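Novice: Here are the chains, one letter per residue:
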Amino acid sequence: MLTIRGIEAGYGAIKVLKKLDLDVQKGEIVTLIGANGAGKTTVLRVISGLLAPGKGEITFENERITGLPPHKTLRRGICLVPEGREILSDMTVLENLLMGGFIRRRDEVNSSVKAVFELFPILRERQTQLGKTLSGGEQQMLAIGRALMSKPKLLMMDEPSLGLAPILVNEVFLKIKELRSADVDILLVEQNARKALKIADRGYVLETGQIVLSGSGQDLISNERIRAAYLGGKTG
Amino acid sequence: MSVYMQGIVALMGVNILMALSVYAMITTDQVSLGNAGFMAIGAYASAYLTVKVGMPILPALLSGAFLSFIIGIGVGIPALRLEGLYLVMATFGFGEVVRTFFLNFEPTGGAYGFRGPMGTTLLLIYGWVFSMVLLFWLLSHSRMGRSLDAVRDDPEVASSIGLNVTLLKLGTFGLGAFIAGAAGGLYAHYMFYIESNNFNILVSSMAILYVILGGMYTFWGAILGAVIFSILPELLRFMADWRLSFYGAILVVMIILRPYGIITRPMVKWVENWIGGLFTRTGP
Chain A
1 MLTIRGIEAG YGAIKVLKKL DLDVQKGEIV TLIGANGAGK TTVLRVISGL LAPGKGEITF
61 ENERITGLPP HKTLRRGICL VPEGREILSD MTVLENLLMG GFIRRRDEVN SSVKAVFELF
121 PILRERQTQL GKTLSGGEQQ MLAIGRALMS KPKLLMMDEP SLGLAPILVN EVFLKIKELR
181 SADVDILLVE QNARKALKIA DRGYVLETGQ IVLSGSGQDL ISNERIRAAY LGGKTG
Chain B
1 MSVYMQGIVA LMGVNILMAL SVYAMITTDQ VSLGNAGFMA IGAYASAYLT VKVGMPILPA
61 LLSGAFLSFI IGIGVGIPAL RLEGLYLVMA TFGFGEVVRT FFLNFEPTGG AYGFRGPMGT
121 TLLLIYGWVF SMVLLFWLLS HSRMGRSLDA VRDDPEVASS IGLNVTLLKL GTFGLGAFIA
181 GAAGGLYAHY MFYIESNNFN ILVSSMAILY VILGGMYTFW GAILGAVIFS ILPELLRFMA
241 DWRLSFYGAI LVVMIILRPY GIITRPMVKW VENWIGGLFT RTGP
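Chains as they are written, first to last, in the UniProt record's numbering: chain A, 1 to 236; chain B, 1 to 284.
Read the hints as simulated data drawn from the structure, not as lab findings.
It should be emphasised that the depicted structure is a prediction, and the values quoted were computed from it without experimental measurement.
Some hints could be false.
To be verified - Okay, derived cross-link-like pairs now, DSBU-like style, lysine-lysine, Cα gap no bigger than 30 Å in a straight line:
| id | chain 1 | residue 1 | chain 2 | residue 2 |
| --- | --- | --- | --- | --- |
| 1 | A | Lys-132 | B | Lys-269 |
| 2 | A | Lys-114 | A | Lys-19 |
| 3 | A | Lys-114 | B | Lys-269 |
| 4 | A | Lys-175 | A | Lys-195 |
| 5 | A | Lys-55 | A | Lys-15 |
| 6 | A | Lys-114 | A | Lys-55 |
Okay, chain A solo, but in the shape it has when bound:
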């Protein structure tokens, strides 16, 4: 339902993405892996509208959304969880969630809060605490929970495992897998390639702004080149 064709984008004179094609089908978890500076975050920024592409076309549910600003793409059902556990630090957990449902009617929002609390019970316990007092893992849960409050059809996550302790990384990935049942498609950008590919239906490998390889999560995990470049050799 998300189709990207021939996207070129960059910052000033620097071209980051070069003729990039990518699809997310209904009901899929798709992951985009690649080294630092490959352009993974830029892909998400272009889709959500934080960065206007120079060339190419993005369609979502058969409608052209190329260059729409973020507050409009969100209303179409595309929500981005930005990198680095970005939360509203001076608001409480509950206020963060309510803000996440800003574009929806209030009565719908309340039932969504319940659903988020069910998915992340720790947020229910912490609901009156300020965002900045949460631990790193809890902040990531809050960022994801807040994104779900807008009832997205496509949830894009930028490095949700960044800077988290290994045990929390596992928990976050477990939760992402659970989201599959919440009727939301996921585009996941990760440096933790092994974990991302394990939960993904399909994966793309991005190198210096171009897709160099794509396939099912399983195929990519067993691909020799991927193993060498991203999964640390023969272990696994």
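Got chain A sorted already, so can you dock chain B onto it with the hints?
Specialist: Only chain B this time, still in chain A's reference frame:
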């Protein structure tokens, strides 16, 4: 009330409006060192309208403030690309451009200044102050207020939850310009005479100081800061030549003691709950 007291109270009202104009912009993390420029635009425009065109004072004030708003939007659009210190520098430049413009602009008297605007009463000043306080109070209790908080906290998150960050930043910048324009108009029609130097960099920086000292996370802080800075210089008159040094020392001490300003949000919440409690206790 003596003329002396009236003067203090009137200028206090103008200072409160200037503090609120800075506060309006700060609600979305935009610090402007050029609000004296907006004040000058409102002052000269409204004074020209009453003196040369013969317009009554209230529509003249509104026109001056509106012109300031339009120019504020014009300045605000390129300013959206700037953050922090860069925005401070750009708005500082804007303020100086406006001041120099009126220094040389013959139709409003140029270097001779502009004589004749009159008609500001205390009632008029505090009518404006009250309306603005009401506006900010409503804002702080609304969804709009929460969205401004989100933009201030983290613009990236704000846009990811569907807020039009550009529009909110521009709107608050324009609102700040509007209020400064109104303050300028009231000032001009109180002083009977204005010259470009009434709107120099010191006026802009004092307006920022009111907000920093009073507390920049609630509009009550901006108001309190303006009140203190309007009364303090008068109370310190007995110190004669030492007055300004003492004034500076108080400022430094206050910033060390209360880095977030005198009034904070939890404090406002506590007071509101307390007042709310008074009403529920007297109920059945």
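Novice: Each hint: holds or not?
Specialist: A quick look at each hint next to the structure:
1. Of the pairs offered as hints, the one joining Lys-132(A) and Lys-269(B) holds, with about 19 Å between alpha carbons and a cut-off of 30 Å not exceeded.
2. Taking the CA atoms of Lys-114(A) and Lys-19(A), the gap is about 42 Å. The hint is violated against a cut of 30 Å.
3. At roughly 27 Å between alpha-carbon atoms, Lys-114(A) and Lys-269(B) fall within 30 Å of each other, so this suggested pair holds.
4. For the proposed pair Lys-175(A) and Lys-195(A), the alpha carbon gap of about 13 Å is at most 30 Å, so the pair holds.
5. A threshold of 30 Å between alpha carbons decides the hint, and for Lys-55(A) with Lys-15(A) the separation of about 11 Å falls inside it, so the pair holds.
6. Of the pairs offered as hints, the one joining Lys-114(A) and Lys-55(A) is violated, with about 42 Å between alpha carbons and a cut-off of 30 Å exceeded.
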